[in-house]
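Trainee: Let the sequences and hints guide you as you build the complete structure.
Take a look at the letters that make up each chain.
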Amino acid sequence: MLTVRDLMKTIDDQEILRGVDLDVAHGETLAIIGRSGGGKSVLLKHLVGLMQPDAGDIWIEGQNITGLSERQLSAIRQKIGILFQGAALFDSMTVAENIAFPLREAGERDPKVLREKVREMLDVVELEGQEEKMPESLSGGMKKRVGLARSIIRRPKCVLYDEPTSGLDPVVADSINRLIRRLQKRLGMTSIVVTHDMKSAFDVANHIAYLHEGRIYFYGTPIQFQQTSDPILEDFLLGRSAEEREDTVES
Amino acid sequence: MARLFNALGGTFLAFFQYLGEVVLLAADTFRSIFTHKLRWKLFLDQIVEIGLLSQLVVVITGGFTGAVFSAQTFFQFNKIGMGSATGAVVSVAICRELGPVLTALMVAGRVGAAMSAEIGTMKVTEQIDALRALAVYPTDYLVVPRALAMMVSMPLLVAECIAVGIAAGYFIAIFMLEINGTYYMANMVRWTRNRDIIMGLSKAFCFGILIVFISCQKGLSAREGAVGVGRATTEAVVNSSLAVLICNFFLTMLLNIIYPAGYQ
Numbered sequence: 001m002l003t004v005r006d007l008m009k010t011i012d013d014q015e016i017l018r019g020v021d022l023d024v025a026h027g028e029t030l031a032i033i034g035r036s037g038g039g040k041s042v043l044l045k046h047l048v049g050l051m052q053p054d055a056g057d058i059w060i061e062g063q064n065i066t067g068l069s070e071r072q073l074s075a076i077r078q079k080i081g082i083l084f085q086g087a088a089l090f091d092s093m094t095v096a097e098n099i100a101f102p103l104r105e106a107g108e109r110d111p112k113v114l115r116e117k118v119r120e121m122l123d124v125v126e127l128e129g130q131e132e133k134m135p136e137s138l139s140g141g142m143k144k145r146v147g148l149a150r151s152i153i154r155r156p157k158c159v160l161y162d163e164p165t166s167g168l169d170p171v172v173a174d175s176i177n178r179l180i181r182r183l184q185k186r187l188g189m190t191s192i193v194v195t196h197d198m199k200s201a202f203d204v205a206n207h208i209a210y211l212h213e214g215r216i217y218f219y220g221t222p223i224q225f226q227q228t229s230d231p232i233l234e235d236f237l238l239g240r241s242a243e244e245r246e247d248t249v250e251s
Numbered sequence: 001m002a003r004l005f006n007a008l009g010g011t012f013l014a015f016f017q018y019l020g021e022v023v024l025l026a027a028d029t030f031r032s033i034f035t036h037k038l039r040w041k042l043f044l045d046q047i048v049e050i051g052l053l054s055q056l057v058v059v060i061t062g063g064f065t066g067a068v069f070s071a072q073t074f075f076q077f078n079k080i081g082m083g084s085a086t087g088a089v090v091s092v093a094i095c096r097e098l099g100p101v102l103t104a105l106m107v108a109g110r111v112g113a114a115m116s117a118e119i120g121t122m123k124v125t126e127q128i129d130a131l132r133a134l135a136v137y138p139t140d141y142l143v144v145p146r147a148l149a150m151m152v153s154m155p156l157l158v159a160e161c162i163a164v165g166i167a168a169g170y171f172i173a174i175f176m177l178e179i180n181g182t183y184y185m186a187n188m189v190r191w192t193r194n195r196d197i198i199m200g201l202s203k204a205f206c207f208g209i210l211i212v213f214i215s216c217q218k219g220l221s222a223r224e225g226a227v228g229v230g231r232a233t234t235e236a237v238v239n240s241s242l243a244v245l246i247c248n249f250f251l252t253m254l255l256n257i258i259y260p261a262g263y264q
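For the protein sequence lines, the chains are W and Z, in the order given. Just so we're aligned, residue 1 is where the first sequence starts under our numbering, counting upward by one. Just so we're aligned, residue 1 is where the second sequence starts under our numbering, counting upward by one.
Derived by calculation from the structure, the hints in this document are not laboratory data. You may find that some hints are simply not true.
[As the list claims (entries may be wrong)] Quick partial rundown of chain W residues pointing at chain Z, CB under 10 Å, derived from the structure:
{"#": "1", "residue": "P102"}
{"#": "2", "residue": "A106"}
{"#": "3", "residue": "L187"}
{"#": "4", "residue": "M189"}
Backbone N, C-alpha and C define an ideal beta-carbon position, used for all residues, glycine too.
Mentor: Here's what the structure looks like:
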């Protein structure tokens with residue numbers, strides 16, 4: 001479904017990605033984890049063409065998307081949905097208008113069809129009856145659900161999630177994780193989840209990729225990740241800083 | 001010294017890069033206008049925002065400028081016994097200069113700021129990235145409706161400003177300054193030509209284009225949250241106003257060749 005080769009990106013003299021290689025199969029859920037500021041969101045934005053790499057290639061269903069113009073990327077983007085970290089809902093539109101937006105832009109004008117599709121999507125994300133609310137009156141979790149409904153209404157083949165559980169309480173975060181799993185099962189979508197929430201990664205992923213210093217440092221199943229003895233991965237898994245590790249070793 | 005040259009060079013480069021970005025946005029927008037379908041609802045929304053909701057500002061600007069210009073002209077001309085020529089001076093000046101320039105400055109302040117703030121907020125809250133991710137080209141969705149609405153609205157707003165300014169000047173001259181209405185009107189009609197009005201409306205169209213592309217470019221390049229949006233909005237208004245004033249001089253010189261002033 002998606003292949004990344006030797007992807008490099010420097011922003012403001014800082015090397016963010018230093019040669020990322022990644023393969024994602026059809027129907028798989030991959031969690032990309034790593035420390036904050038490590039380039040996870042930058043990598044995700046490259047996958048949908050929102051950022052252009054300095055070097056390297058990204059292949060989506062056999063088509064290399066690097067170097068394509070914005071208009072050429074439109075066709076690719078119809079195959080991919082993305083849930084932004086802050087949901088990025090259009091704040092001048094109601095929930096229903098936000099969710100119906102991709103269909104309206106694709107040329108669907110029949111209000112009955114749009115209403116029906118919106119209701120169906122709200123049912124999938126468990127937000128029935130919220131059609132007329134404005135984004136500002138929604139909680140963080142509700143915004144993410146609406147953002148998700150908007151990104152999947154055109155039934156993309158792949159959905160990218162940028163920190164889907166960040167800023168949410170554990171109960172709401174768990175419901176978002178369940179939603180991601182349900183979407184994968186119900187609609188067979190390939191999912192790429194960028195997160196630093198380990199519980200979320202273990203809950204939803206078939207594979208985990210650990211991004212460290214601009215490269216994929218580890219790639220494997222959640223079980224392989226949990227059984228690792230690598231100190232860097234252990235630190236991340238246990239939420240342990242380097243100083244704490246040194247203190248532990250000394251004592 | 002080297003540092004000074006570096007700073008100057010950097011400023012020059014930044015200025016030309018900025019100009020290039022505005023020109024590229026304009027080129028992209030015109031390409032889009034001719035090759036892609038117009039979103040009529042967004043276009044009509046912008047007509048309301050730019051054209052309809054700017055009425056009060058334009059009427060007040062035109063009215064009071066016409067009135068005060070009429071009074072000042074009369075005070076000077078009356079000393080040499082030419083009070084009845086006030087109408088001609090007011091009319092030609094409002095058509096050729098005051099109408100288009102003052103309307104453009106007011107629109108830059110009201111509409112340019114709003115455009116820049118709205119697009120800038122969309123930029124920093126990832127709504128523009130969301131548009132792109134949903135396979136919608138931001139220029140088509142955000143800039144084209146605004147540019148077309150501005151091209152339609154600005155000449156109409158300037159025409160309105162000119163009409164209100166001339167009417168206000170007339171009322172002040174006749175009812176407060178007691179100039180003979182027949183002479184005032186005769187001189188005004190004699191010295192005001194169609195080319196004066198065409199010049200004013202041509203300027204309006206050009207100023208509209210300047211304001212819309214400068215403001216949209218500032219919004220699209222906004223960074224760093226609320227501070228960035230605030231900065232983009234301020235720069236949009238300042239740059240649009242300066243561009244209007246500078247281009248007005250060159251347009252005046254150019255259009256005066258095509259539409260020369262005076263009774264010929």
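Trainee: Please flag the earlier hints that this structure goes against, numbers listed from lowest up.
Mentor: 3, 4
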